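Peer 1: Produce the complete structure using the sequences and hints provided.
Chains as they are written, first to last, in this note's numbering: chain Y, 23 to 297; chain H, 88 to 384.
No wet-lab data here; the hints were simulated from the structure. Hints may contain errors.
Stated by the list, open to error - The calculated lysine-lysine pairs, modelled on BS3-like cross-linking and capped at a C-alpha distance of 25 Å, are:
1. 236(H) to 124(Y)
2. 267(H) to 150(Y)
3. 248(H) to 267(H)
4. 151(Y) to 124(H)
5. 236(H) to 122(Y)
6. 148(Y) to 248(H)
7. 150(Y) to 124(H)
All values derive from a computational prediction rather than experimental measurement.
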Amino acid sequence: MEPSIHQDLLVKAFNVKKRFLGMYKAANAGHVGSSLSVADVLTFVRFNWMHDHDEIVLSKGHAAASLYSVLAEEGVLNDADIESFYKNDTYLAAHPPANKVKRIPFATGSLGHGLSLAAGFGLAFKLKKSNQQVFCITSDGELNEGSIWEAALFLVHHNLKNVVWLIDRNRLQGYGRTEDVMKLEPLDKKLEAFGLNVLIADGHDFESLENAKQQAAQSDKPAAIICNTTKGRGWKLYEDKVDCHYLPMKQDQYDLILEEIELDFNNSHSQISKR
Amino acid sequence: MRNEFAAAMIQYFDEHPEMVFVTGDLGYMALEKVEQKFGERFINAGVAEQNMVSVSAVLAHEGFIPFVYSISPFVTIRPYEQIRNDVCLHNLPVKLVGNGGGYGYGIMGSTHHNIEDIGALRVLPNMRIYVPFAASDVDHAVQQMISDKNPNYLRLNTGAKINYDVPPFAQWRKIKSGTKGVVVGTGPVVEHICNSQYAEDLEIWIVSIFPFNDIPEQLVVAINATQKLITVEEHSGECGLREAFSFHIMNHLTQPIKILSLAANGYPSGKYGDQKWHLAENNLMGEGMAQKLSAFL
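Peer 2: This is the structure in structure tokens:
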């Protein structure tokens with residue numbers, strides 16, 4: 023990856039995280055961990071993969087704030103929109119809304135719908151002979167839903183290579199660890215058995231995501247990218263714990279997370295500068 | 088009605104190339120010509136109805152008009168949340184088509200029947216439901232559905248055959264006048280009253296599109312005059328025509344009235360039979376219906 027592109031992604035991801043942390047803090051809301059988990063993947067997809075005519079479906083709708091923050095970063099949402107998050111009379115509910123926000127084609131929040139929606143886009147683009155692509159980001163707990171596997175069968179059967187499925191593999195779900203609640207492993211083999219081109223990436227490392235992107239582009243099958251992530255990354259107190267799914271941030275914690283993500287940003291940034 | 092439906096699909100595809108036919112792996116000996124006609128626009132989505140409905144929502148979002156076909160319960164209550172979230176909340180023109188609404192699948196048993204479909208779907212935002220009465224209604228219903236920008240559900244059954252002229256397809260149709268009571272029914276099941284000895288004295292109306300926001304003035308007048316209302320449906324009365332109509336008529340009553348509900352009450356004996364057997368068991372035709380009507384009138 024070009025260092026300048028990498029630097030730019032780091033800046034954008036930092037801005038995205040800082041913005042949604044402020045949103046969650048102002049709203050005194052939970053789902054912070056879900057957004058911290060997916061923020062880098064979302065930033066990478068939006069700013070280094072998808073084209074303006076492509077679609078993105080955030081199937082794990084509970085990370086809506088990270089999506090809103092990405093949309094603010096690209097200028098689709100303004101400061102007033104962002105400030106309205108979680109308040110009465112807003113379009114920006116805790117889960118993505120129906121019909122009102124550009125780049126949010128469908129309301130999500132009930133898990134297991136997004137991959138079918140992506141399959142629908144894939145099929146529609148194919149019928150229209152359009153070169154558009156669709157990017158679908160699911161969680162891993164969401165893979166408990168049967169509809170996900172219906173969609174996986176469908177997109178492989180119709181060979182919808184214009185669908186890119188990214189799995190935010192943070193290994194935590196609503197009430198415990200994914201392997202304790204409903205085993206997913208060996209997830210790669212399951213996905214391979216469905217006929218997908220399975221790629222593994224570090225969901226917090228843009229070089230790793232770039233490699234996955236390059237491999238997906240050369241694939242003759244629809245790609246499923248298992249993005250290994252850490253839920254609540256940067257929130258040291260609750261990192262990789264279920265708590266960061268639900269709990270709002272107290273002021274001292276908010277300050278510490280901001281410090282942490284800034285430190286992380288500075289380290290990554292300076293490493294690239296030294297290369 | 089399934090043959091009329093397939094014929095309509097074939098007929099209107101040339102005019103509306105944005106039509107797509109999606110089936111949940113059903114249509115053997117019925118849809119083969121549709122498949123030939125639609126080519127790559129014929130999608131067998133497999134036995135995966137949740138995915139089928141979400142995919143169809145996006146097809147509609149992208150400018151297509153998907154007709155989504157299965158046996159009635161499998162295209163309505165099985166993927167209900169997909170219909171609510173992905174189709175109705177976004178007001179997308181997905182056209183759900185359920186074969187065998189009511190007891191249409193007869194001896195196939197309760198899993199293949201659907202006596203809650205109208206009730207389940209009529210409460211969803213933007214949804215408009217088409218319930219043909221005669222087989223000849225199907226073509227008109229399909230035409231309206233193609234131009235209807237809302238989500239729709241088409242409830243297919245076996246077309247009614249009656250001794251009266253059936254007016255052209257419309258939301259409300261008056262079949263005949265009468266002075267001893269007023270029948271308001273939906274679907275082909277109303278034929279059994281139309282063809283009974285009681286028909287002569289009854290005013291008979293059919294409603295074929297749900298939901299409805301008001302009742303024709305002429306029908307209101309007849310109900311107030313006779314003070315007797317009979318609702319008829321091959322569907323649960325709890326969530327169906329009886330409940331929907333009762334609310335609306337209450338605003339217009341100038342007289343106290345009596346109501347008889349003839350509706351599908353499920354499986355009173357726990358036994359199964361063909362469609363007519365179930366209709367008879369639920370007093371929707373035959374001796375049971377005659378006794379109910381006789382006692383009421």
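Peer 1: Decide, hint by hint, whether the structure agrees.
Peer 2: A quick look at each hint next to the structure:
{"no.": "1", "hint": "236(H) to 124(Y)", "result": "holds (21 Å)"}
{"no.": "2", "hint": "267(H) to 150(Y)", "result": "violated (58 Å)"}
{"no.": "3", "hint": "248(H) to 267(H)", "result": "holds (23 Å)"}
{"no.": "4", "hint": "151(Y) to 124(H)", "result": "holds (20 Å)"}
{"no.": "5", "hint": "236(H) to 122(Y)", "result": "holds (18 Å)"}
{"no.": "6", "hint": "148(Y) to 248(H)", "result": "violated (44 Å)"}
{"no.": "7", "hint": "150(Y) to 124(H)", "result": "holds (18 Å)"}
Going through the hint list in order, the structure does not satisfy hints 2 and 6.
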